[in-house]
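Novice: Given the sequences, and given the hints that come with them, work out the whole structure.
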Amino acid sequence: MPRWDDAPLVGRAEELGRLLAHVERAAAGRSSAVLLAGDAGVGKTRLLDELTARATGRGVRVLTGHCVDLGDVGLPYLPFVDLLRPVATDPELAPHARQNPVLTALLAGRPGDVAPVRPPGEGQELGRPLPSRAAPQPVDDGRLQLFESVAALLCELASTAPLLVVLEDLHWADRSSRDLLRYLLARLVDDPVTVVASYRADDLHRRHPLRPLLAELVRLPGVERLDVQPLPPAAVRELVRGLAGGTGGVPESTVEDVVARAEGNAFYAEELVAAGLQGEALPWALADVLLARVEQRSSAAQQVLRVAAVAGRRVRHEWLAALGEWAPAELEQALAEVVHHHLLVVSDDGRYRFRHALLREAVLADLLPGEAVRLHAAIAGYLAAHPGAGTAAERAHHARGSNDLPGAFSASLEAAVEACRVGAPAEQLQHLEAALSLWSAVPDAAARAGRDQAALLFETATVARTVGELHRAVALQRAALEQLGPDGDPVLRARLHYTLAQAMVRVETFESGYRESSAAMALVPADPPSEVRTWAAATHARMSYDVGRSEEAEAAAAEALAAADALGLDAAWADIAVTQLRATPGTLSAESRARLDEALARARRSGDVDVELRVLYNLAYLALESGRLEEALEWTGQGTGRSRDLGVEWSYYAAELRHLQVTALYMLGDWDRSLAEADVLSRVPEMSAHIRADGLLVLVGRGDPSAQTRIEWARGLIPRLDAHVLLGLVTAGSEIDLAVWQGDTRAAVDLALAASRRLQEKWPDDHLGVLRLVGTALAAVGDAVATARREGDAGAAEQWVAAGDELVAHAHEAVESYRCNYGETSGVEAAAWLARVEAEASRLRGRAEPALWRAAVDAFGFGHVYEQARSRRRLAEALLATGDRVGAAEEARLAHEVAVRLGARPLREAVEALVRRGRLDVDLPGVRVAAPEAVLTPREQAVLALLAQGRTNRQIGAELYISEKTASVHVSNILAKLGVGGRTEAVAVAGQRGLLV
706 MPRWDDAPLV
716 GRAEELGRLL
726 AHVERAAAGR
736 SSAVLLAGDA
746 GVGKTRLLDE
756 LTARATGRGV
766 RVLTGHCVDL
776 GDVGLPYLPF
786 VDLLRPVATD
796 PELAPHARQN
806 PVLTALLAGR
816 PGDVAPVRPP
826 GEGQELGRPL
836 PSRAAPQPVD
846 DGRLQLFESV
856 AALLCELAST
866 APLLVVLEDL
876 HWADRSSRDL
886 LRYLLARLVD
896 DPVTVVASYR
906 ADDLHRRHPL
916 RPLLAELVRL
926 PGVERLDVQP
936 LPPAAVRELV
946 RGLAGGTGGV
956 PESTVEDVVA
966 RAEGNAFYAE
976 ELVAAGLQGE
986 ALPWALADVL
996 LARVEQRSSA
1006 AQQVLRVAAV
1016 AGRRVRHEWL
1026 AALGEWAPAE
1036 LEQALAEVVH
1046 HHLLVVSDDG
1056 RYRFRHALLR
1066 EAVLADLLPG
1076 EAVRLHAAIA
1086 GYLAAHPGAG
1096 TAAERAHHAR
1106 GSNDLPGAFS
1116 ASLEAAVEAC
1126 RVGAPAEQLQ
1136 HLEAALSLWS
1146 AVPDAAARAG
1156 RDQAALLFET
1166 ATVARTVGEL
1176 HRAVALQRAA
1186 LEQLGPDGDP
1196 VLRARLHYTL
1206 AQAMVRVETF
1216 ESGYRESSAA
1226 MALVPADPPS
1236 EVRTWAAATH
1246 ARMSYDVGRS
1256 EEAEAAAAEA
1266 LAAADALGLD
1276 AAWADIAVTQ
1286 LRATPGTLSA
1296 ESRARLDEAL
1306 ARARRSGDVD
1316 VELRVLYNLA
1326 YLALESGRLE
1336 EALEWTGQGT
1346 GRSRDLGVEW
1356 SYYAAELRHL
1366 QVTALYMLGD
1376 WDRSLAEADV
1386 LSRVPEMSAH
1396 IRADGLLVLV
1406 GRGDPSAQTR
1416 IEWARGLIPR
1426 LDAHVLLGLV
1436 TAGSEIDLAV
1446 WQGDTRAAVD
1456 LALAASRRLQ
1466 EKWPDDHLGV
1476 LRLVGTALAA
1486 VGDAVATARR
1496 EGDAGAAEQW
1506 VAAGDELVAH
1516 AHEAVESYRC
1526 NYGETSGVEA
1536 AAWLARVEAE
1546 ASRLRGRAEP
1556 ALWRAAVDAF
1566 GFGHVYEQAR
1576 SRRRLAEALL
1586 ATGDRVGAAE
1596 EARLAHEVAV
1606 RLGARPLREA
1616 VEALVRRGRL
1626 DVDLPGVRVA
1636 APEAVLTPRE
1646 QAVLALLAQG
1656 RTNRQIGAEL
1666 YISEKTASVH
1676 VSNILAKLGV
1686 GGRTEAVAVA
1696 GQRGLLV
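Throughout the sequence shown, residue numbering follows this note's numbering, covering 706 to 1702 in sequence.
Hints in this document: simulated from the structure, not taken from any laboratory.
Glycine included, C-beta positions come from ideal geometry on N, C-alpha and C.
Pair by pair, the computed Cβ-Cβ distance ranges are:
hint : residue 1 : residue 2 : range
1    : Pro800    : Gly1528   : 56 to 64 Å
2    : Asp1589   : Arg1495   : 16 to 24 Å
3    : Glu1296   : Asp1628   : 48 to 56 Å
4    : Glu719    : Ile1423   : 29 to 37 Å
5    : Pro800    : Ala1094   : 25 to 33 Å
6    : Arg912    : Glu1417   : 28 to 36 Å
7    : His801    : Asp1302   : 36 to 44 Å
8    : Arg1349   : Pro800    : 14 to 22 Å
9    : Arg1463   : Glu1417   : 13 to 21 Å
Capping the alpha-carbon separation at 20 Å, the derived lysine to aspartate or glutamate pairs in EDC-like fashion look like this:
hint : residue 1 : residue 2
10   : Lys1682   : Glu1645
11   : Lys1467   : Asp1455
12   : Lys1467   : Glu1521
13   : Lys1467   : Asp1251
14   : Lys1670   : Glu1645
Specialist: Pasting the structure below:
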């Protein structure tokens, strides 16, 4: 009988059109994605088959991967292994990506020698900034290099032809595949790639792991959800008649019967038609329809289907040959039968798979319990005897299904090792927890595992930390301590206590971390030095600093450094030294700098790249804080170059080094390089969204229209990355700046207040970033106050002064809070912004304070070229207001030079307006300062001055002793000469041109 996928597509013109629009978008060089939702059997696969055929006809390369329902088996990256098979078999498709060793295992389709995931080191958590001191870093579980390698491979494929990536049955995807998909949809922005992922909407129960991912993905730009609804009755009729047309057709009564029962489900309709063509009465339940089709086959064919159903949706020929009691000829005949009747189909890789997952589910449900156990046992035995035939995860699954718990235990441990090797820590954790759940049911568990239960609990906790499940890690470590008891191995107990401390400060309190590190110190002696005691002391130093026990912290740090030196633990020494130096902020002394230099040398000698990058980051950060921008660039250059050479640009400190590099380049006025660096990691939002947002500083400063688009992009990420405070800070600062240049004072104030409150909430002890937010917003408030006073609107002036005072109060609170916690240790940039705030505050009172603005100019003289120029513009205004026209002209000239060199159009135009308005003697290209008498008559100048004070025609006439009509004529002449349409616009334009005397 004809299959539906052999017949023309019916009833899906709208859905196909929307999918093809995304393919056209890829052909135009832009990435997009579609999440295709629909109930089982509604026709998602048929729709995707039509899409791939149409896309192929348009010259689009298509890669298709299938997720498979294997119960509790964690087969990492299975759909991506599937879709990358063409790359694995054709060396010419992506020659550069194939040379990447990180992809070796993935392209091979099974674990290989590359191990991109390694367990966290003893002190890894110590090297990470705490949430109260820096932006919480995304989970760096070692997979980013693998994920980026896959993205690079897809981009290489798309460089020669647009690419369509199809992922089917996403509801069965393993966690690693879900994480990779999340990464790719965020990563692929301006590449000719379309991703279409289908899933069963009716399978997503409330706690299904796919649900939160879908909610996250639909918020990404370019991602659309498309619901495939049941076919309308007319389309079902067309489908039924088309399917039965090749066999002479069916009675109209049968057509209507199928339409009524199928309820728009295409697969159900097809199976009903198949049953009707056999002359049988049509059953109501879909399972009955499917089983009726199975029962029509020979006993050998039915047995093939049963074995295939237990083995999985896709099964190899050799499995069937080994597991069934049939001769080769009998197997060939049975396979030909089930394939001919469209129960199984042959995949491109030669494996057999069920025509539809619903068919496999029906066969599985019909198995007797004993039969299922027997088949699981046979498959597990075959896999044990032929290790290359499958994975340890599959063996564990079938051993469980056959009630072979010892076999399942051993296979789960092997599966955990394989998951680690292929770069799938989530599945590694899944298999380790499966082994733990079987421990009590396996008499010789310790012998099989090669360690006791406490050690396995500790190992599982370590992997839980790797994937960011800190609460789970804490629970497992506590269980391990309980298992050991007070008389257990003191060394292992100490390790559990100090690693528990490192995790607990992130999920509980500093005090709880301090208690755990104290317990670790009590379990192992300081003499003789040992690695465990060294890390216990290093952890205790960090915890003691956090709870304010400085003397205890210094003693523990000194002990850890001495022990690390004695034991030759160079990486540990370097890490501990950095932790000690950064525990209390302040300027870098000569002694501290020497220690950091030694830390860098030791880190490089040890070969520990994570520690080396951490040291480089801190060297760059401290140089930047001290205003030594060129030195900061030297360190960031070393760090980003080193990370690029090693292929770890996506690690936390490598990304943060680039953030510092973008910032330093921006401050120094090298805006082109700053913007280029900001976009290098633009497609790794979790790791570097704030870095791409850093580019807003240049875009807003230049008045680039694309700034608004990038702000919207960043704003779209903030709800998903709420903990990423730096992203919100950079975005808010740029939005405020944009609002200031656009003259939207209310928006600038609201944005500054909201961002300041959030920063104070997230970083209560150090939120000096408020100074920049406030200093920027106050510029607009000062302008609004001046305008209101000029127009005689006392109410508006009072309102804006109150808003400015509130902003200033936030700035002062941030300074006082910092000083209470850290004393006078803020960096030069914070001091410069505080000077700006004080200068802007004077404008609220209508005072021209050149001294305050001179202080701001000098404070930004450490190298912040742009902000110094902006301060010079305000200094020029203040000097002009106090009658120092020569000084004002010089400051305006210097500010204008910087604005022109940077391409900072808004600042350039503001300076030029000041020069015109003040009629300053500055020779600026294209700027002509006209004397008022050259434009307006003396009487018009007098009328204009009164217009600027908000006077009506009658009031102007009374004051100048002319009639109201004559005053009206003068106003009309002024509007015509200035080329404006209203009185308010006339005053504004006259002010810009320096015509107001």
